[in-house]
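Please model the entire structure based on the sequences and the hints provided.
In order, the protein sequences belong to chains A and B. Under full-length UniProt numbering, think of the first position of the first sequence as 1, with each following residue one higher. Under full-length UniProt numbering, think of the first position of the second sequence as 1, with each following residue one higher.
Mixed in with the good hints, there may be bad ones.
One copy or two, either will do: identical chains are not told apart, so a pair holds if it fits within one copy or between any two.
The list that follows gives simulated cross-link-like pairs (lysine-lysine, DSBU-like), each with its CA atoms no further than 30 angstroms apart [stated by the list, open to error]:
(1) K289 <-> K192
(2) K212 <-> K60
(3) K192 <-> K267
(4) K184 <-> K267
(5) K260 <-> K192
(6) K19 <-> K267
(7) K292 <-> K267
(8) K192 <-> K257
(9) K184 <-> K292
(10) K212 <-> K79
(11) K216 <-> K79
(12) K23 <-> K184
(13) K292 <-> K125
(14) K212 <-> K192
(15) K257 <-> K296
(16) K267 <-> K257
No lab work stands behind these hints: they were computed from the structure. These figures come from a predicted structure and were not determined experimentally.
2 protein chains.
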Amino acid sequence: MKATARAHTNIALIKYWGKADAKLRLPLMSSLSMTLDAFYSDTTIERAEENSEFYLNGQKQSGQAAQRVFNYLTLLQEKFDLHDPLSVHSINHVPTAAGLASSSSAFAALAAAFCKFYQLEVTPKELSRLARLGSGSASRSVFGGFAIWQKGTDDESSYAYAIDETPKMDLHLLAVELNQQPKKLSSTQGMKDAQSSPFFTPWIKRNDAELKEMVKAIEANNFTSLGELAELNANEMHAINLTAQPGFTYFEPNTIKAIKLVHELRKQGIECYYTIDAGPNVKILTPLKNVKDIEKNFESQFNNVKIVNASFGPGISYLD
Amino acid sequence: MKATARAHTNIALIKYWGKADAKLRLPLMSSLSMTLDAFYSDTTIERAEENSEFYLNGQKQSGQAAQRVFNYLTLLQEKFDLHDPLSVHSINHVPTAAGLASSSSAFAALAAAFCKFYQLEVTPKELSRLARLGSGSASRSVFGGFAIWQKGTDDESSYAYAIDETPKMDLHLLAVELNQQPKKLSSTQGMKDAQSSPFFTPWIKRNDAELKEMVKAIEANNFTSLGELAELNANEMHAINLTAQPGFTYFEPNTIKAIKLVHELRKQGIECYYTIDAGPNVKILTPLKNVKDIEKNFESQFNNVKIVNASFGPGISYLD
Numbered sequence: 001m002k003a004t005a006r007a008h009t010n011i012a013l014i015k016y017w018g019k020a021d022a023k024l025r026l027p028l029m030s031s032l033s034m035t036l037d038a039f040y041s042d043t044t045i046e047r048a049e050e051n052s053e054f055y056l057n058g059q060k061q062s063g064q065a066a067q068r069v070f071n072y073l074t075l076l077q078e079k080f081d082l083h084d085p086l087s088v089h090s091i092n093h094v095p096t097a098a099g100l101a102s103s104s105s106a107f108a109a110l111a112a113a114f115c116k117f118y119q120l121e122v123t124p125k126e127l128s129r130l131a132r133l134g135s136g137s138a139s140r141s142v143f144g145g146f147a148i149w150q151k152g153t154d155d156e157s158s159y160a161y162a163i164d165e166t167p168k169m170d171l172h173l174l175a176v177e178l179n180q181q182p183k184k185l186s187s188t189q190g191m192k193d194a195q196s197s198p199f200f201t202p203w204i205k206r207n208d209a210e211l212k213e214m215v216k217a218i219e220a221n222n223f224t225s226l227g228e229l230a231e232l233n234a235n236e237m238h239a240i241n242l243t244a245q246p247g248f249t250y251f252e253p254n255t256i257k258a259i260k261l262v263h264e265l266r267k268q269g270i271e272c273y274y275t276i277d278a279g280p281n282v283k284i285l286t287p288l289k290n291v292k293d294i295e296k297n298f299e300s301q302f303n304n305v306k307i308v309n310a311s312f313g314p315g316i317s318y319l320d
Numbered sequence: 001m002k003a004t005a006r007a008h009t010n011i012a013l014i015k016y017w018g019k020a021d022a023k024l025r026l027p028l029m030s031s032l033s034m035t036l037d038a039f040y041s042d043t044t045i046e047r048a049e050e051n052s053e054f055y056l057n058g059q060k061q062s063g064q065a066a067q068r069v070f071n072y073l074t075l076l077q078e079k080f081d082l083h084d085p086l087s088v089h090s091i092n093h094v095p096t097a098a099g100l101a102s103s104s105s106a107f108a109a110l111a112a113a114f115c116k117f118y119q120l121e122v123t124p125k126e127l128s129r130l131a132r133l134g135s136g137s138a139s140r141s142v143f144g145g146f147a148i149w150q151k152g153t154d155d156e157s158s159y160a161y162a163i164d165e166t167p168k169m170d171l172h173l174l175a176v177e178l179n180q181q182p183k184k185l186s187s188t189q190g191m192k193d194a195q196s197s198p199f200f201t202p203w204i205k206r207n208d209a210e211l212k213e214m215v216k217a218i219e220a221n222n223f224t225s226l227g228e229l230a231e232l233n234a235n236e237m238h239a240i241n242l243t244a245q246p247g248f249t250y251f252e253p254n255t256i257k258a259i260k261l262v263h264e265l266r267k268q269g270i271e272c273y274y275t276i277d278a279g280p281n282v283k284i285l286t287p288l289k290n291v292k293d294i295e296k297n298f299e300s301q302f303n304n305v306k307i308v309n310a311s312f313g314p315g316i317s318y319l320d
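Here it is as structure tokens:
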């Protein structure tokens, strides 16, 4: 008896950047994401002989990475009064080269494989809540296309749902890796520190309006509105960090260079927008027709840049 | 008959970044500055034979730079019902290498030389108002040490005054030139665009409190508070720009590198803070004992960096 689930990573266009409850992973704001076809995690769960074990890309893990998985499995088991030692095999199809975090797909796949393994009958909403307990952004990877993670007020009400699982929008995301150095500041720490910014509260107050505007752009199939708002929201997140007390930034010199290149491309009529998460790399939003031009421009301006072209990915699927 | 005045440049620690009235140069916020000893303008006014003329560093000027000076002189003459063609000779002791704007010292010296030439009896407050009409920041260069430009509500009430013309604080400003490329976005345009940021209004609302806190730091001779608040205020200004619609930035890749170096120096116990104006260069605030260490660090991390060490400068003086 084993169960395998696949979940795709997602990139937030309206960011999650602040915890209301660290243990329950309740956020201070609702977020909205695009699930990507190019990056995913496959996770298999079966009963272990003695002790739980975790293999990532074929390598047995120990230390923090394994402990986070075991803690999460224990948390899930306690919810359902289950007690077996489990063996987890996970393959991350999220190349480091993409400069993406894999925790959204990893914990969504883990939650789904867990439910499948125990034949728990959970709705997508319930699965999203369970995934959230592993990693906040994993709540959104239960769904394909565009998804909203509504912040909610407790464990029951904080979950993601799909807006449109098969969007018509001509939208590609280029994951551009500018910098291979590991980030020095974790997301968890950055989120905490960001709350000391005088602009944090004004930002939170805008969350509902930004979310509504983004949903409107999606419903109207309006790439320009979506891109402008995604870029603004990312800038807001990084402006919050810069104005924390003391200020900090995930930007590296090349991040500024990339931002200016996006501005320059737009001036030339190549419509594209950027979003940036808790790291130095940028993700470019653009319609298919501009992908090659943008790749060429980045490749000519940066040494050893790595670019992965992604579009909409599906929600959770099961492989056996 | 001729008159020569000297005015020193100033750097805002609480920034002026928004106009309430472009013609009268009334600001949307009050600002606070440090006048610098290392950079100044000497300006001589005498009667011209036929047409007004403007010489900068010995070179006769034409075009925009000259026109701005002539327009300003006409404005001043109209106020006092004067009509002579004037010859203006200005020497800017503000090396381009410092990455500083010279308009604060230039228009303060010009206003002072004008009043001296015509033997107009103006108070420092009145001189500050006249200087403001040439360039907003020039209002502060009438005074030495620390000065506040109170925003006011009209031409009468918008002027600068000294907080402390001979401060006891052990405070140096290192003007660090990272980038010799001319900036692509003027301050005037940047100020306009910045107002589309969702954080602009929240920032303006903080102006009174920030000003009070900065005055308290100065009165208490508290370098740490002054530095932290100056850095926060500069970060706020650049966060506003980043979140304008569309966002823009005066930062260049080296600006990010410099910001991270300041963070790193602080971690090592070398206390210093940065402020950044409408350009890519940084100014470092630090006590005298750290100046050499900071210079050494910047020189080893940047190619062809130019650093000028400044401390408190005096207000207007007259040279003949």
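Tested hints:
no.	hint	verdict
1	K289 <-> K192	neither (40 angstroms within a copy, 34 angstroms between copies)
2	K212 <-> K60	neither (44 angstroms within a copy, 58 angstroms between copies)
3	K192 <-> K267	between (36 angstroms within a copy, 19 angstroms between copies)
4	K184 <-> K267	between (34 angstroms within a copy, 14 angstroms between copies)
5	K260 <-> K192	both (29 angstroms within a copy, 20 angstroms between copies)
6	K19 <-> K267	between (37 angstroms within a copy, 27 angstroms between copies)
7	K292 <-> K267	within (17 angstroms within a copy, 43 angstroms between copies)
8	K192 <-> K257	both (27 angstroms within a copy, 24 angstroms between copies)
9	K184 <-> K292	between (32 angstroms within a copy, 28 angstroms between copies)
10	K212 <-> K79	neither (34 angstroms within a copy, 53 angstroms between copies)
11	K216 <-> K79	neither (37 angstroms within a copy, 55 angstroms between copies)
12	K23 <-> K184	within (23 angstroms within a copy, 47 angstroms between copies)
13	K292 <-> K125	neither (38 angstroms within a copy, 60 angstroms between copies)
14	K212 <-> K192	both (26 angstroms within a copy, 27 angstroms between copies)
15	K257 <-> K296	both (15 angstroms within a copy, 26 angstroms between copies)
16	K267 <-> K257	both (15 angstroms within a copy, 26 angstroms between copies)
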